[in-house]
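Line by line, the protein sequences are chains R and Y. Using this note's numbering, read the first sequence as starting at 18 and increasing by one per residue. Using this note's numbering, read the second sequence as starting at 27 and increasing by one per residue.
Calculated directly from the structure, the hints in this document are not laboratory data. Mixed in with the good hints there might be a few duds.
[Said to hold, decoys possible] Quick list of in silico lysine-lysine cross-link-like pairs, PhoX-like style, CA-CA up to 25 Å: (1) Y:35 <-> Y:93; (2) Y:78 <-> Y:66; (3) R:87 <-> Y:70; (4) Y:48 <-> R:126; (5) Y:45 <-> Y:93; (6) Y:66 <-> R:87; (7) Y:35 <-> R:87; (8) Y:48 <-> Y:78; (9) R:19 <-> R:84; (10) Y:67 <-> Y:45; (11) Y:35 <-> Y:62; (12) R:59 <-> R:116; (13) Y:35 <-> Y:78; (14) R:116 <-> Y:67; (15) Y:70 <-> R:116; (16) Y:45 <-> R:19; (17) Y:67 <-> R:19; (18) Y:70 <-> Y:35; (19) R:59 <-> Y:97; (20) Y:97 <-> R:19; (21) Y:66 <-> R:126; (22) R:59 <-> Y:48; (23) Y:70 <-> Y:48; (24) Y:48 <-> Y:67; (25) R:116 <-> Y:97; (26) R:126 <-> R:73; (27) R:59 <-> Y:67; (28) R:84 <-> Y:78; (29) Y:62 <-> R:84.
[As the list claims (entries may be wrong)] Each pair of labels, with its calculated beta carbon distance range: (30) Y:29 <-> R:112: 22 to 32 Å; (31) Y:83 <-> R:28: 27 to 37 Å; (32) R:35 <-> Y:88: 26 to 36 Å; (33) R:35 <-> Y:106: 45 to 55 Å; (34) Y:83 <-> R:34: 25 to 35 Å.
[Stated by the list, open to error] Short, incomplete list of chain Y residues facing chain R, as computed with Cβ under 8 Å: (35) 29; (36) 41; (37) 67; (38) 74; (39) 77; (40) 78.
Ideal Cβ positions, reconstructed from N, Cα and C, are used throughout, including at glycine.
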Amino acid sequence: QKEVEQDPGPLSVPEGAIVSLNCTYSNSAFQYFMWYRQYSRKGPELLMYTYSSGNKEDGRFTAQVDKSSKYISLFIRDSQPSDSATYLCAMAPTGGGNKLTFGTGTQLKVEL
Amino acid sequence: DTAVSQTPKYLVTQMGNDKSIKCEQNLGHDTMYWYKQDSKKFLKIMFSYNNKELIINETVPNRFSPKSPDKAHLNLHINSLELGDSAVYFCASSQVDRYNEQFFGPGTRLTVL
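Hey, can you work out the whole structure from these sequences and the hints?
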């Protein structure tokens, strides 16, 4: 079993839909939870991160962490075709020697 | 004014050859990383350097040797290339105490024939 599990999709939604992307994990030492977006043939770019539990909002994006369930989510409101990309969750413990553990990514397609 | 750059972008080579990939960052970060992304998009850390010192060395064949001439550069040399080395290799950088905020380069797509 991988430390971080993520449904690879593909997930196809109509423009304007609310998208929910999720990851589960097994390592209770993880304290940093990140979401990266990767467009086709590009490098991943950091969207947002949270530390420990709770919610964080940035424009149309909301990240949620539920440490009791070892479950994290990224919600995208009013999805746009430009949101079509692969979304990777990543996690790290504090003082973990700089190592991020990534999920396999969920491919999202937002259609007109 | 690219933040993290890699060369070459594409690399096609024969099995058994030796090749290098170069990475440079102009963000003033002191930590740099090499990742391998396989065909299923799984991104896995290979190495991490902090201020020219190796701090992460995952289970990677010793045919892969990173080298950091200074804190703005991290190169990856691969000896005796194998078919299974075909992947996209990403360089990334961060501040040492903000390792959760890593900035990635555009990737080098390596194809071994």
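Taking the hints in turn, this is what the structure says about them:
{"no.": "1", "hint": "Y:35 <-> Y:93", "result": "holds, 19 Å"}
{"no.": "2", "hint": "Y:78 <-> Y:66", "result": "violated, 31 Å"}
{"no.": "3", "hint": "R:87 <-> Y:70", "result": "holds, 21 Å"}
{"no.": "4", "hint": "Y:48 <-> R:126", "result": "violated, 33 Å"}
{"no.": "5", "hint": "Y:45 <-> Y:93", "result": "holds, 13 Å"}
{"no.": "6", "hint": "Y:66 <-> R:87", "result": "holds, 24 Å"}
{"no.": "7", "hint": "Y:35 <-> R:87", "result": "violated, 37 Å"}
{"no.": "8", "hint": "Y:48 <-> Y:78", "result": "holds, 15 Å"}
{"no.": "9", "hint": "R:19 <-> R:84", "result": "holds, 17 Å"}
{"no.": "10", "hint": "Y:67 <-> Y:45", "result": "holds, 23 Å"}
{"no.": "11", "hint": "Y:35 <-> Y:62", "result": "holds, 14 Å"}
{"no.": "12", "hint": "R:59 <-> R:116", "result": "holds, 21 Å"}
{"no.": "13", "hint": "Y:35 <-> Y:78", "result": "holds, 24 Å"}
{"no.": "14", "hint": "R:116 <-> Y:67", "result": "holds, 18 Å"}
{"no.": "15", "hint": "Y:70 <-> R:116", "result": "holds, 10 Å"}
{"no.": "16", "hint": "Y:45 <-> R:19", "result": "violated, 31 Å"}
{"no.": "17", "hint": "Y:67 <-> R:19", "result": "holds, 14 Å"}
{"no.": "18", "hint": "Y:70 <-> Y:35", "result": "holds, 19 Å"}
{"no.": "19", "hint": "R:59 <-> Y:97", "result": "holds, 24 Å"}
{"no.": "20", "hint": "Y:97 <-> R:19", "result": "violated, 32 Å"}
{"no.": "21", "hint": "Y:66 <-> R:126", "result": "holds, 17 Å"}
{"no.": "22", "hint": "R:59 <-> Y:48", "result": "holds, 17 Å"}
{"no.": "23", "hint": "Y:70 <-> Y:48", "result": "holds, 18 Å"}
{"no.": "24", "hint": "Y:48 <-> Y:67", "result": "holds, 21 Å"}
{"no.": "25", "hint": "R:116 <-> Y:97", "result": "holds, 18 Å"}
{"no.": "26", "hint": "R:126 <-> R:73", "result": "holds, 23 Å"}
{"no.": "27", "hint": "R:59 <-> Y:67", "result": "holds, 12 Å"}
{"no.": "28", "hint": "R:84 <-> Y:78", "result": "violated, 35 Å"}
{"no.": "29", "hint": "Y:62 <-> R:84", "result": "violated, 28 Å"}
{"no.": "30", "hint": "Y:29 <-> R:112: 22 to 32 Å", "result": "holds, 26 Å"}
{"no.": "31", "hint": "Y:83 <-> R:28: 27 to 37 Å", "result": "holds, 35 Å"}
{"no.": "32", "hint": "R:35 <-> Y:88: 26 to 36 Å", "result": "violated, 48 Å"}
{"no.": "33", "hint": "R:35 <-> Y:106: 45 to 55 Å", "result": "holds, 50 Å"}
{"no.": "34", "hint": "Y:83 <-> R:34: 25 to 35 Å", "result": "violated, 43 Å"}
{"no.": "35", "hint": "29", "result": "violated, 10 Å"}
{"no.": "36", "hint": "41", "result": "violated, 24 Å"}
{"no.": "37", "hint": "67", "result": "holds, 5 Å"}
{"no.": "38", "hint": "74", "result": "holds, 5 Å"}
{"no.": "39", "hint": "77", "result": "violated, 12 Å"}
{"no.": "40", "hint": "78", "result": "violated, 15 Å"}
Hints 2, 4, 7, 16, 20, 28, 29, 32, 34, 35, 36, 39, 40 from the earlier list are contradicted by this structure; the remaining hints agree with it.
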